[in-house]
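2 protein chains.
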Amino acid sequence: MISTRGRYALRVMIDLAQNENGKYIPLKDIAERQDISKKYLEIIVKDMVAGGLLTGASGKGGGYKLCRKPEDYPVGEILELMEGSLSSVACLAAKDNSCPRKNACRTLPMWEEYDRLVHDFFYSKTLRDLL
Amino acid sequence: MISTRGRYALRVMIDLAQNENGKYIPLKDIAERQDISKKYLEIIVKDMVAGGLLTGASGKGGGYKLCRKPEDYPVGEILELMEGSLSSVACLAAKDNSCPRKNACRTLPMWEEYDRLVHDFFYSKTLRDLL
DNA sequence: CTACCAACCTACTGTGTCAATAGGTTTTTA
DNA sequence: TAAAAACCTATTGACACAGTAGGTTGGTAG
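Protein sequence lines, in the order shown, are assigned to chains A and B.
In terms of my numbering, the first sequence opens at residue 320 and continues consecutively.
In terms of my numbering, the second sequence opens at residue 320 and continues consecutively.
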């Protein structure tokens with residue numbers, strides 16, 4: 320299940336795209352328009368900057384701004400960054416690939432097929448498609 | 320992310336199908352073969368009986384048994400029963416359909432499309448496909 | 001008829017994540 | 001130099017997950 324981190328991140332991106340004016344947009348405005356706690360958004364937006372989705376500027380006149388064109392943001396990239404992983408099961412989300420049952424597991428192929436489906440779905444959509 | 324409830328349920332079903340012999344199969348055997356805590360499986364299997372996936376029999380010679388042919392168990396039904404819902408977001412999982420932003424929401428169509436994809440994927444597979 | 005086996009039932013617990021909240025510090029510009 | 005904004009650290013309450021523990025009921029084999 321997609322959490323508020325992923326969903327709010329998407330809403331922030333959409334809000335930034337819709338209110339784009341060349342300048343930085345303060346989080347206060349976004350929080351008010353989207354009716355989300357500004358304090359909570361700070362945490363989320365910080366990770367978005369760290370993940371290369373946005374650029375931020377401190378000080379008066381500061382705020383946040385998209386750093387690519389909307390069509391260059393795959394939805395999958397945004398969700399993967401915020402949710403950690405889009406994998407359906409723990410043994411595929413883990414980097415170490417270490418499930419001891421992996422060779423005998425009768426369900427693993429299904430999870431792998433499912434993960435590909437999910438990945439392809441979200442990477443075939445971009446921020447532009449949501450506007 | 321699919322939890323142990325859904326994954327263990329699937330493994331129990333597969334185990335029952337593979338070891339089918341006309342008789343009831345005690346949970347103890349399943350737990351040993353699958354290397355899962357019997358106590359924890361009790362909770363899971365109880366819900367599977369309540370959900371109409373299995374029949375259980377008490378007393379000596381008792382245990383559990385599939386009550387349909389493997390091809391008549393859609394994987395989606397099993398997962399939906401155990402996970403509560405396969406919906407990607409809270410506003411679609413909720414029965415009351417009450418998100419106040421629903422008309423203006425720019426992401427809802429994507430979640431709906433995604434939910435259909437997931438549903439179709441898991442309902443197109445049956446227990447038979449996992450054997 | 002009774003001992004055993006197995007399902008069934010209720011309650012509890014430790015761990016971790018989610019969704020925030022609170023309060024401060026630094027940075028920038030008007 | 002004062003305001004505005006991002007940035008940083010810490011804390012919290014609620015809840016779900018993944019079990020554990022111990023007892024009760026029910027059916028069957030000897």
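Treat each hint with caution, since some may be false.
Where chains are identical, the list cannot tell them apart; a pair therefore holds if satisfied intra-copy or between any two copies.
[Stated by the list, open to error] Distance condition first, Cα-Cα at most 27 Å in a straight line; then the derived DSS-like pairs of lysine-lysine:
(1) 421 <-> 342
(2) 379 <-> 414
(3) 421 <-> 357
(4) 379 <-> 365
(5) 444 <-> 379
(6) 414 <-> 347
(7) 342 <-> 414
(8) 379 <-> 358
(9) 421 <-> 358
(10) 444 <-> 421
(11) 358 <-> 444
(12) 421 <-> 347
(13) 379 <-> 421
(14) 347 <-> 357
(15) 414 <-> 384
(16) 357 <-> 414
(17) 414 <-> 388
(18) 414 <-> 358
I should point out that these hints are in silico values taken from the structure, not numbers from a laboratory.
Here is what the structure says about each hint:
1. 421 <-> 342: Classified as neither; 51 Å inside a copy, 30 Å across copies.
2. 379 <-> 414: neither (42 Å within a copy, 45 Å between copies)
3. 421 <-> 357: between (44 Å within a copy, 22 Å between copies)
4. 379 <-> 365: within (18 Å within a copy, 60 Å between copies)
5. 444 <-> 379: neither (35 Å within a copy, 56 Å between copies)
6. 414 <-> 347: This pair counts as neither: shortest intra-copy Cα distance 37 Å, inter-copy 33 Å.
7. 342 <-> 414: Result: close neither inside a copy nor across copies, 39 Å intra and 42 Å inter.
8. 379 <-> 358: So residue 379 and residue 358 pass the 27 Å test inside one copy only (18 Å; across, 60 Å).
9. 421 <-> 358: between (42 Å within a copy, 24 Å between copies)
10. 444 <-> 421: Classified as between: cross-chain Cα gap 20 Å, same-chain 32 Å, threshold 27 Å.
11. 358 <-> 444: neither (29 Å within a copy, 44 Å between copies)
12. 421 <-> 347: between (48 Å within a copy, 23 Å between copies)
13. 379 <-> 421: Classified as neither: same-chain Cα gap 54 Å, cross-chain 35 Å, threshold 27 Å.
14. 347 <-> 357: within (6 Å within a copy, 52 Å between copies)
15. 414 <-> 384: Answer is neither: 32 Å inside a copy and 37 Å across each miss the 27 Å cutoff.
16. 357 <-> 414: neither (33 Å within a copy, 29 Å between copies)
17. 414 <-> 388: Cα proximity of residue 414 and residue 388: none, with 31 Å in one copy and 37 Å across.
18. 414 <-> 358: neither (32 Å within a copy, 30 Å between copies)
When held up to the earlier numbered hints, the structure conflicts with 1, 2, 5, 6, 7, 11, 13, 15, 16, 17 and 18 and fits the remainder.
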